[in-house]
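Enquirer: If you're matching them up, the sequences are chains R and X in order. The first sequence begins at 12 in the numbering used here and counts up one residue at a time. The second sequence begins at -3 in the numbering used here and counts up one residue at a time.
Careful: at least some of the hints might be erroneous.
[Unchecked claim] Below 30 angstroms or equal to it, Euclidean Cα-Cα: the simulated BS3-like pairs (lysine-lysine) are:
#  : chain 1 : residue 1 : chain 2 : residue 2
1  : X       : K66       : X       : K14
2  : X       : K(-1)     : X       : K9
3  : R       : K88       : R       : K69
4  : X       : K14       : R       : K60
5  : R       : K60       : X       : K9
6  : X       : K53       : X       : K9
7  : X       : K51       : X       : K9
8  : X       : K53       : R       : K60
9  : X       : K(-1)     : R       : K69
10 : X       : K67       : X       : K14
11 : X       : K49       : X       : K14
12 : R       : K88       : R       : K33
13 : X       : K51       : X       : K14
14 : X       : K(-1)     : X       : K49
15 : R       : K69       : R       : K33
16 : R       : K60       : X       : K(-1)
17 : X       : K66       : X       : K53
18 : X       : K53       : R       : K88
Simulated from the structure, these hints should not be mistaken for laboratory data. Bear in mind the structure is a predicted one, so any value in this text is a computation, not a measurement.
One letter stands for each residue in the lines below.
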Amino acid sequence: AQSVAQPEDQVNVAEGNPLTVKCTYSVSGNPYLFWYVQYPNRGLQFLLKYITGDNLVKGSYGFEAEFNKSQTSFHLKKPSALVSDSALYFCAVRDRGSTLGRLYFGRGTQLTVWP
Amino acid sequence: DVKVTQSSRYLVKRTGEKVFLECVQDMDHENMFWYRQDPGLGLRLIYFSYDVKMKEKGDIPEGYSVSREKKERFSLILESASTNQTSMYLCASSFGGGNQETQYFGPGTRLLVL
């Protein structure tokens, strides 16, 4: 079975401070991993993905994520948070051995960046 | 840029009505998906399609059906709308295989069933 856990419903951070949004996953094989962001009343926007290679993935808007196979984690990070980063963030996983292209999403983490 | 459009941003329907939600993508993607999003529950997959006229049930297909007559269009049908189907509905599309697994989402349709 494939699943994603985002252990924090909410993350609050002051502007300028580093932020981390946590994600752990479970797949039977090797994973593809994704982060998406959703602004109010909008669809999801793709941020970054891990397919293979370097464990540190850089994405849009200064975000990055680190794939850790031993801890089955893919935490989203940013060195200096902006108020405009406030949004709902979703982690997703797919077993690369699966023949169907569906993703499994976490429940989301609401990030609030205070000025 | 990939563009996924949904026919309505907001929709209000009455209990028992038949409701059609339309999704169109312009990137020749093989895969298309319908999700519903509810607070605290994240995204739940209703149905997906990996080719024209092909469909697969997701995690919560009850009360829904889908249609994919053309590659670019994927319709979600609520046969008889109920109040518990009030939700945000999101459509997505992706290429059929390899590393091109990124799903691209439409803006969503917020459906209220009275």
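Enquirer: Sort out which numbered hints this structure fails and list those numbers smallest first.
Expert: 4, 5, 18
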